[in-house]
Structure formats: C-alpha cells, structure tokens
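J.: Read off the chains here:
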Amino acid sequence: MKKVVMGNHALSHGAQLARVQVIAAYPITPQTQVVELLSEIVANGKLKAEFIKVESEHSAMAACIGAASAGARTFTATSSQGLALMHELLHWSAAARLPIVMANINRAMAPPWSIWTDQNDSLSQRDTGWMQFYCQSNQEVLDTLIMAYKISEKVLIPSMIVLDAFSLSHTYEIVDIPDQELVDRYLPPFDYQYRLNVDDPHTFGGLTTPDWYMEFRYKMHHAVNDALPLIRQEGIEFGKLFGRAYDTVDPYRVNDAEIVLVTSGTAASTARYAVDQLRRKGKKIGNLRMRVFRPFPFADVRRYLKKAKKVIVIDRNISYGYHGIFAQEVKSALYGHSDVPVYAFIAGLGGRDIFPETIGRIVTKVEKSKKPTRDIYWVEVKE
Amino acid sequence: MPKNRSKINFKNVRDLPPMVMSLRSMAANPTGSWRNLRPVIAYKDCIQCMICWKFCPDAAIDIVDDRPVINLDFCKGCGICAEECPKKCIEMVKEGK
Numbered sequence: 001m002k003k004v005v006m007g008n009h010a011l012s013h014g015a016q017l018a019r020v021q022v023i024a025a026y027p028i029t030p031q032t033q034v035v036e037l038l039s040e041i042v043a044n045g046k047l048k049a050e051f052i053k054v055e056s057e058h059s060a061m062a063a064c065i066g067a068a069s070a071g072a073r074t075f076t077a078t079s080s081q082g083l084a085l086m087h088e089l090l091h092w093s094a095a096a097r098l099p100i101v102m103a104n105i106n107r108a109m110a111p112p113w114s115i116w117t118d119q120n121d122s123l124s125q126r127d128t129g130w131m132q133f134y135c136q137s138n139q140e141v142l143d144t145l146i147m148a149y150k151i152s153e154k155v156l157i158p159s160m161i162v163l164d165a166f167s168l169s170h171t172y173e174i175v176d177i178p179d180q181e182l183v184d185r186y187l188p189p190f191d192y193q194y195r196l197n198v199d200d201p202h203t204f205g206g207l208t209t210p211d212w213y214m215e216f217r218y219k220m221h222h223a224v225n226d227a228l229p230l231i232r233q234e235g236i237e238f239g240k241l242f243g244r245a246y247d248t249v250d251p252y253r254v255n256d257a258e259i260v261l262v263t264s265g266t267a268a269s270t271a272r273y274a275v276d277q278l279r280r281k282g283k284k285i286g287n288l289r290m291r292v293f294r295p296f297p298f299a300d301v302r303r304y305l306k307k308a309k310k311v312i313v314i315d316r317n318i319s320y321g322y323h324g325i326f327a328q329e330v331k332s333a334l335y336g337h338s339d340v341p342v343y344a345f346i347a348g349l350g351g352r353d354i355f356p357e358t359i360g361r362i363v364t365k366v367e368k369s370k371k372p373t374r375d376i377y378w379v380e381v382k383e
Numbered sequence: 384m385p386k387n388r389s390k391i392n393f394k395n396v397r398d399l400p401p402m403v404m405s406l407r408s409m410a411a412n413p414t415g416s417w418r419n420l421r422p423v424i425a426y427k428d429c430i431q432c433m434i435c436w437k438f439c440p441d442a443a444i445d446i447v448d449d450r451p452v453i454n455l456d457f458c459k460g461c462g463i464c465a466e467e468c469p470k471k472c473i474e475m476v477k478e479g480k
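Heads up: the sequence lines are chains A and B, in that order.
Take 1 as the starting number for the first sequence in my numbering and just add one per residue.
Take 384 as the starting number for the second sequence in my numbering and just add one per residue.
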C-alpha cells in the first residue's frame, strides 16, 4: 500500500514488518519519532514486541544485546550524541556477533550544538564492526531495514541504517509499504543457534588469551567481508519479490563520464539532479552513490571510477587533520589500480544545504583544474 | 563444536564458534580458590529468609533442607550475603583461620 510518510516513520513501518520482538530506545532529536510510532504500534497490539524504555542510549544498546543474546530480533534508533554514548556497546554487540539492526539519523556532533545533518556521528563508528547502509529515500530506508535483518542474521554482524536528519528523517515521500505476507516470505523468523538456553548453559564474552583473541578478530573480519556478496544477492532477491532491487553502490550516468561525483545520502539525489542539468550542457558527468560503507565495496568503486578522468568526492563529514572520510576510502580503493585524480570536497556540515548549484560550482572548479592542488577543498566556507 | 571434554585443543579458526563462549556450563570451572574471606552462617540465628541466596551475585548459595548453604567451590568471598543478612548472622572469616 502506498502512503506518504516521513523517513522516521518509514523506519517504524519497516521494523513492524520485520516483526521485531524487542525495541529498546531513548529519545533524541531527530530520531524520536521512529520509536514514538513504534511505541504506539506496540501499545495498540499491532506488533507483538517488548518495548523497553531505558535511561540512556548506552542502556538501549545493552538491552538490545541482552535480548538478541536470548534470540530475539531487536531494533533501536538513535542520533549523534546518543550513538556516541553507545560506542562501547557497539564494539560489544558486533564482536558478540549479535545481528541487531539500528537506525541512526545523521546529526552533527556538538559543540556547537546542532540538530541538523552530517555524517560524523555514524562514520566515527567505522571500526566497531557494524555494517553501515546510507539511504537516499524513504522507500530505500524501509527496504534496507528489512534486508538488513536478513543479511545481519546470516553473517551474525549488526547493521546500521543511516539517513540524513530532516532532509530525509522529516521529509514526507511516497513509500510503498509492502504486505506483511510478502515480507514474511522474504524474511524468516530469527533462529539464533547460540541463544542463551538454561538447559544448555554457556558463558559468553569471557577472557581470551593472546593465543586465540586474534582468531576471533579474523573470523569477525571475514564475516563482515562475506556480507558484501550477500548484500548484492539479497538486493537482487528483494528486487524480484518487491520490484525494487539494490546494490552496494548506485551508479548514475557513469559509463561515458569523464568526471564522476562520489556522494552518499540525500546529497546523492541532489547530485543526480545536477548531473542531468550538466549533461544538458553537454558535460560528460556521472554520479556514484555509496550505499554501503562497511563492508567497503572496493571492487565496485574501482569498476565505476577507474575509467574516469577526474573523481570528485563530496563528503558531508570531516576527519580532522586529513580530509573527508569517503574520499579517504575512495583513494584507498583506487591506489595501485588507477591514477585518476581524486578531489576531496567537504560540504554541507551541520546541515548546510547542498544545492544543485553547489555541485555545479564544484564541477566548474574541477573542470578548470589539471590536478588537485589541495588535500581538501572546503565548499562555500566564509574564508 | 566439541563438548563434554575436559581439555579441548583447537587447531585453527574453523574450530571456533563465531563469538567467544565457554564450551560448557561454568559449573565445570570452580572459582572458590579466589576467595580470601569465607562466609560462615550462624544457623541458630538464621530465619531462612533467603535474602542471602537472592543477593549472591554468583549463585553460590544453595538451598538445602530449607536452609541456605554456601557453595565453597564457587563463593569468591565478596561479602554481599553478610552485608544483606537482616539478622547479621553471616560472618566473614579469614581463610586459613
């Protein structure tokens, strides 16, 4: 059934359709509506789940860890400072191999206090072992949430669904909310082999000497890597059932493109609009949207970028003392495979709008340049 | 995963479960030797309220014939039972005395 819903409620509907069994959450703008609607859905008896009110995000993730250990399908949502507070337990949940799915609404880190979008909150959690999916539409948010449970439960690695504050979380779009019966056909109930069981007790997470610690890390790394072909396969499978297929990256007019923009989140939709405008002026330009950040789709990035003459990465995040985080990964993917110059642009921090004209000006600047002369280009900063 | 063996020798990563977990119940791993204070219950004052049993963080108090009995194979001597006992009839005595 098609409905006009905001990004936050697309998550609530997705969690309901995935038949989550435990929701533990603490409110934070701009995430709160996600669990607000879910609490109503649970209270009205439309979803058989435990809704646990906790005193902090740290406790929300702890409750999810407990519930997932008992074999429940769990969900939570947060933003910014809340995600940062969870940090310790993000490591724990991933290394304990619990397939928790969480939504993070990208909100800039304070100070200065901000409620608007940028990606430094989620990207700061890069090395926790969580998979990260960056969405560009409310439909993709709902679909990715359902797919994430299937992928996570197969490889036993948690997933983070990431969407921009306000430009997606509070923006109303038409979303096809699939039938429960179809979702049930796609997503079987969670059957956890290692669940807590009083008849067969084990202790989890215990002390491991240097003899074996590294082997657990090796296994975890391979599990995250194994998710990459699975993400592709599940994206195709989902497409067959629901009519909307997904991949690790989302190329747009890149085949003959001399300049390729690399973007993520809602900036990617704007970039596509800008690409169409620039194409009408005869410019050979395309856009590669990064949908999956961890596991990083190195081969796909290479495939779409190595033929380009110039690559522009627009990062809505910054690694202080270096440059944008996606730019860093893209350079790493191309190293030793292609000499294409990579221009690292920082734009839209703290929710500053990235307009099609913004992208147009970035492209003009790069067109005039032979090679990058700076490690980092700040867009529209009052220098 | 191998089970019910006193000594398990893993060869490589394929033998390991995905996350670290004990192969058996921790009942097979006595930890009483960590203790340097031993709880001693004065049964003449004990009212069998079982508050000690409820509070023991290591489930090291068993109920035997309606009375709390410290399981010294697992008691680490934390003293929570003595602290919580409403009759103050659990004394922590130094091990070796």
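One thing to keep in mind: the hints can contain errors.
As the list claims (entries may be wrong) - Facing chain A, according to a computed beta carbon distance under 10 Å, are these residues of chain B, among others:
#1 Val-396
#2 Met-409
#3 Gln-431
#4 Ile-434
#5 Gly-462
Simulated from the structure, these hints should not be mistaken for lab results.
As the structure is a computational prediction, the values presented were derived from the model and not from experiment.
Built from N, CA and C at the ideal position, the CB exists for glycine as well.
J.: Each hint: holds or not?
T.: Going down the list of hints, with the structure as the test:
A cut of 10 Å between beta carbons decides the hint on Val-396 (chain B): the least distance to chain A is about 5 Å, and the hint holds. Checking Met-409 (chain B) against chain A by beta carbon gives a least distance of about 5 Å; that is within 10 Å, so the hint holds. This hint is violated: Gln-431 (chain B) has a C-beta 25 Å from the nearest C-beta of chain A, more than the 10 Å allowed. For Ile-434 (chain B), the interface hint is violated, since its Cβ never comes within 10 Å of a Cβ in chain A; the closest pair sits about 23 Å apart.
Look at Gly-462 (chain B): its Cβ only gets to about 23 Å from chain A, farther than 10 Å, so that hint breaks.
In the structure shown, a violation is registered for the earlier hints numbered 3, 4 and 5, in ascending order.
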